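Visitor: Read off the chains here:
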Amino acid sequence: MADVQLRNVSKAFGRTRAVIDMDLTVPDGSFVVLLGPTGAGKTTTLRLIAGLEKADAGDIEIGGRRVNTDTPAQRDVAMVFQQYSLYPHMSVRDNLAFPLRSPILNTPEAEITRKVQEVAEVLHIPHKLDNKATELSGGEMQRVSIGRALVRDPAIYLMDEPLSSLDAKLRADLRIELKRIHAELAATLLYVTHDQIEAMTMASHVGVLDRGRLVQFGTPREIYENPRTTYVAARLGQPRINLLPVGLLGEAAPEGAQRVGLRPENIRHGAGRDATVVRVEHLGDQTRLHLKLADHDVITLADPHTPLSPGETIQIAAHNPLFFDARGARIT
Amino acid sequence: MSSFSITEPSGRSKWFAGTLVVLYALITMVPLVWIMLTGFKSPADAISYPPKVVFDPTLEGYVNLFTTRTRQTQDFLAENPPVTWADEIVRQYDMVIVGPSKFGERFMNSVIIGFGSTFLSVFLGTLAAYAFSRFKIPLADDLLFFILSTRMMPPIAVAIPIFLMYRQLGLSDTHLGMILLYTAVNISLAVWLLKGFIDEIPREYEEAALIDGYTRFQAFYKVVLPQAATGIASTAIFCLIFAWNEYAFAVLLTSATAQTAPPFIPTIIGIGGLDWPAVAAGATIFLLPVMVFTILLRKHLLRGITFGAVRK
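Taken in sequence, the protein lines are chains A and B. Under the UniProt record's numbering, the residue at position 218 of the first sequence is numbered 218, and the numbers go up by one with no gaps. Under the UniProt record's numbering, the residue at position 132 of the second sequence is numbered 132, and the numbers go up by one with no gaps.
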């Protein structure tokens, strides 16, 4: 395992600038999640590190060694693709053994058998080893795909939305599995997703990307509690943060503040300004209140068994508000 | 009680479709069956009118196809009794077998030239198709159009220039010359067909193999090629059928050494005209390799090898 560093890395496809001046450090043994919507440059960043794309500018270092001109094989990285991409003409066993049989690793057959068995057990697929790759369910395919990375001991594991094509139950299971694997192997992982739950639950560090730029990097807690911009604030939190004009709730705003960000759980009920209940959403474990506050929509959380119903009026006040200036940058 | 389904054809339409297919197969098989039957007829039966469907089968046609014979005097025939069953067959015309005919040689020429040019077309076609499919090639579209344009006229339209060129280069009546010629005609088909097949193989497979520690050529060999098997098989069949059946250039460019079977078969002369049973026997044997080749590669012609392994 090793750390990975990107310095001022840029990549453009024709006129589209996919990655712009990216500075990113993936510390040894960390689980870094890159978060951002489609087109933010997440996958391109992964492919640049893997060597599937050549950087236009900047340096990429793996374990302190500059790898810009290395082939993917020389970089010693493992990657899990968004699609399962199992070799369809091979059995599950041969798929898992494929990286070990490469000319670079050239592992002895006995060692291959042992490692494949070991990984198959971690991923709960030992009974499927002799199936053809095409005979698996979607979840099994993606597990084999992850397994193909795990049989190796690379400098870094790169994962490109590996869970996005799976159903919710399987996603939740594999999330826990990946976290466990990371802890057991003490592996370095760079994981790309647009799913904030994956980011919050698995990451030791989160990097938020916006149109090719890394806008904030920190622990999930830091990103959630101390977002640097309204963009970052809106990326994490379900339901999303409320962004309201300053002064609407009578809070004391610092100089230059234009907007105030309020997480749903940071809206206190029972005192303050009057707001009308528009809609009550019972989700089981939580209840969301959609409120109208002087023509602005506000979402907050309520007790799961709240007796409130649409049309009623409640009082709300801000707690720990976040202030942003006209351009969306945080003011502290 | 039958239930109604939108996607499943009804029993009656299945029956109708089945009948049509069988009927079509029967019609297309009539000439083939007729050739095969004629091969086992005597020369008299072969040209009798009305045509005979029931007849005494004989191997006369096959014997005549593979041998050369001469007429002999009664004395000679009395002194040399027939040794093999083939001798007995030709004895009825007061003839003896003096040696093998050229058919075996011509047939081998067809095999060498047909399979040689098929291998070369598919080999070059696969590499070119892969390059067109995966790499950024300057003027790729123009090059592809140029390759296709070689097929826009019938090949025989350039017969005379090729004839002169081959004479200059010493390629006339050589195996190499015919292999190169048929490859040149087939390569455009091979590139276009194979490019379609390779385009359909997702790049992720090669990228995964590159990251798994393989070079690009190894990724091509171990991951792309097995998945292109379907396309390679069907392309090979098309190329072989063209090279195997080609007649015009073979007549023009080959004679003593590299003549293939198609120009040879119609020249089998019997007593008093064409020996139809021998011609039919030659045609039957000539049909076999393509039939066997197609049947061997049949399972690759069925799609679905890659189905479901990559979510689109």
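FYI, nobody ran anything at the bench for these hints, they're computed from the structure. For clarity, every value in this text was computed on a predicted model and none was experimentally measured. Worth double-checking, as some hints may not be accurate.
[Unchecked claim] Calculated from the model, a selection of chain B residues having no Cβ within reach of chain A, i.e. all distances over 12 angstroms: (1) 49; (2) 77; (3) 86; (4) 166; (5) 202; (6) 205; (7) 209; (8) 211; (9) 214; (10) 215; (11) 222; (12) 226; (13) 274; (14) 287.
[As the list claims (entries may be wrong)] Here are some chain B residues pointing at chain A (derived, C-beta under 7 angstroms): (15) 173; (16) 207; (17) 210.
Here a beta-carbon is modelled for each residue, glycine too, at the ideal position from N, C-alpha and C.
Visitor: State for each hint whether it applies.
Guide: Results of checking the hints against the structure:
no., hint, result
1, 49, "holds, 57 angstroms"
2, 77, "holds, 64 angstroms"
3, 86, "holds, 49 angstroms"
4, 166, "holds, 42 angstroms"
5, 202, "violated, 7 angstroms"
6, 205, "violated, 6 angstroms"
7, 209, "violated, 7 angstroms"
8, 211, "violated, 5 angstroms"
9, 214, "violated, 5 angstroms"
10, 215, "violated, 7 angstroms"
11, 222, "violated, 8 angstroms"
12, 226, "violated, 4 angstroms"
13, 274, "holds, 51 angstroms"
14, 287, "holds, 33 angstroms"
15, 173, "violated, 43 angstroms"
16, 207, "holds, 5 angstroms"
17, 210, "holds, 4 angstroms"
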